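Going by UniProt numbering, the sequence shown wraps up at 364, each residue one higher than the last.
The set of hints was computed from the structure by calculation and includes no laboratory data.
On a predicted model such as this, the values are computed, not experimentally measured, just so you know.
Glycine included, C-beta positions come from ideal geometry on N, C-alpha and C.
Hints are not guaranteed to be accurate.
Distance ranges between label pairs, derived from CB positions [stated by the list, open to error]:
no.	residue 1	residue 2	range
1	Pro217	Gly34	47 to 53 Å
2	Leu36	Glu249	29 to 35 Å
3	Arg345	Asp275	17 to 23 Å
4	Arg20	Thr197	32 to 38 Å
5	Gly103	Lys312	32 to 38 Å
6	Gly145	Gly62	48 to 54 Å
7	Leu226	Leu313	25 to 31 Å
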Amino acid sequence: MMTRVPPTRVIQVANGVRTRLQSLVQRMVPPEIGLLELTSGFMATQAIYAAARLRIADVLAGGPRSATDIAAEVGSDPDATYRLLRACATYGVFVEDSEGRFGLTLLASALRSGVSNSMLPVVLMLGDPRYQGPWGRLADTVETGTPGAELLFGKPLWEYLDDDPEFAASFNNAMTRLSALDWPTVQAAYDFTGFSTIVDIGGGHGELLALILDAAPAAKGVLFELPGMVDQAEEHLRQAGVGERCRVEGGSFFEAVPSDGDLYVMRRVIHDFDDEQAVAILSNLCRQLSNDQTLLLLESVISPGNAPHFAKLLDLDMMVFVGGRERTARQFDALLDRAGFRLTRIIPTISTISLIEAVPGRQP
Numbered sequence: 001m002m003t004r005v006p007p008t009r010v011i012q013v014a015n016g017v018r019t020r021l022q023s024l025v026q027r028m029v030p031p032e033i034g035l036l037e038l039t040s041g042f043m044a045t046q047a048i049y050a051a052a053r054l055r056i057a058d059v060l061a062g063g064p065r066s067a068t069d070i071a072a073e074v075g076s077d078p079d080a081t082y083r084l085l086r087a088c089a090t091y092g093v094f095v096e097d098s099e100g101r102f103g104l105t106l107l108a109s110a111l112r113s114g115v116s117n118s119m120l121p122v123v124l125m126l127g128d129p130r131y132q133g134p135w136g137r138l139a140d141t142v143e144t145g146t147p148g149a150e151l152l153f154g155k156p157l158w159e160y161l162d163d164d165p166e167f168a169a170s171f172n173n174a175m176t177r178l179s180a181l182d183w184p185t186v187q188a189a190y191d192f193t194g195f196s197t198i199v200d201i202g203g204g205h206g207e208l209l210a211l212i213l214d215a216a217p218a219a220k221g222v223l224f225e226l227p228g229m230v231d232q233a234e235e236h237l238r239q240a241g242v243g244e245r246c247r248v249e250g251g252s253f254f255e256a257v258p259s260d261g262d263l264y265v266m267r268r269v270i271h272d273f274d275d276e277q278a279v280a281i282l283s284n285l286c287r288q289l290s291n292d293q294t295l296l297l298l299e300s301v302i303s304p305g306n307a308p309h310f311a312k313l314l315d316l317d318m319m320v321f322v323g324g325r326e327r328t329a330r331q332f333d334a335l336l337d338r339a340g341f342r343l344t345r346i347i348p349t350i351s352t353i354s355l356i357e358a359v360p361g362r363q364p
């Protein structure tokens, strides 16, 4: 069951209030204290990651327990466990009661495994030293233009993932969860029922395609991924109950893609690439599509001005890992035009993702 999404207006008002409060706090707090708080954020990440790795939220599913009891179950040091949970509680992740026992909060509940709103796979990726390491090379990336991951691992990220199946599995599990996290707002913003064959290009395990097919029961699906992902995707789609309505094809979108779709979906694919590579991918796709076929990009769109926007941080994430980037609406328009597409509309959502719809226009 998906987490219920509050009404759009409620979220817009809440975000506006939060932005104004953050601005007020920044004006009231001395700048040296403000910078200290900002640059200490990594401590919270690692504390929550440690609790996630130890699966402490699962241990507390039955109710509050002492740090000693928790430590005995997860195999950790009791004193260190207490200190970890005490720190997490200051961020609203776990809560300590008057008897010194720790229990779940709403945030901590999302660290449980196997629940509908679980963020466990995402937290396990974000806190992993192999994810944190490239961020530690951000200054080097800014100086050289070379992704931090490549500087750290000695090879591009995708090649490193081929050599580290454990981290590759963690990465793919996180991407699968993030696809589901985006879905409620995507479904509310776009009607997929008018399409007969939906092709998901670079769709990982097939989580997004399974959700789309569930929302469009008359449609068939095609998942197009790298050959090494085919078996995992087929199994995931079978478990999702849509295996009989779709097929999985392996290949490279730099070469050829399935030609029988009327809607082509790419979720957070184009942001992995710089402009020249992105144009090459989109141009290749455009040459294979006719005017009655539609392209739908699911990407973050950077908003103008200085207001906080997650896409501005995600842009740095792309830069430090793969040399990709997030883009503004104007940059997407120019990118699609260079590739031969005509931008028809950009549909913002209440989440960090927007839907960018285009159709083949002039041939590149």
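Now for the hints, and whether the structure bears them out:
no. : hint                          : result
1   : Pro217 <-> Gly34: 47 to 53 Å  : holds (51 Å)
2   : Leu36 <-> Glu249: 29 to 35 Å  : violated (52 Å)
3   : Arg345 <-> Asp275: 17 to 23 Å : holds (22 Å)
4   : Arg20 <-> Thr197: 32 to 38 Å  : violated (46 Å)
5   : Gly103 <-> Lys312: 32 to 38 Å : holds (35 Å)
6   : Gly145 <-> Gly62: 48 to 54 Å  : holds (51 Å)
7   : Leu226 <-> Leu313: 25 to 31 Å : holds (27 Å)
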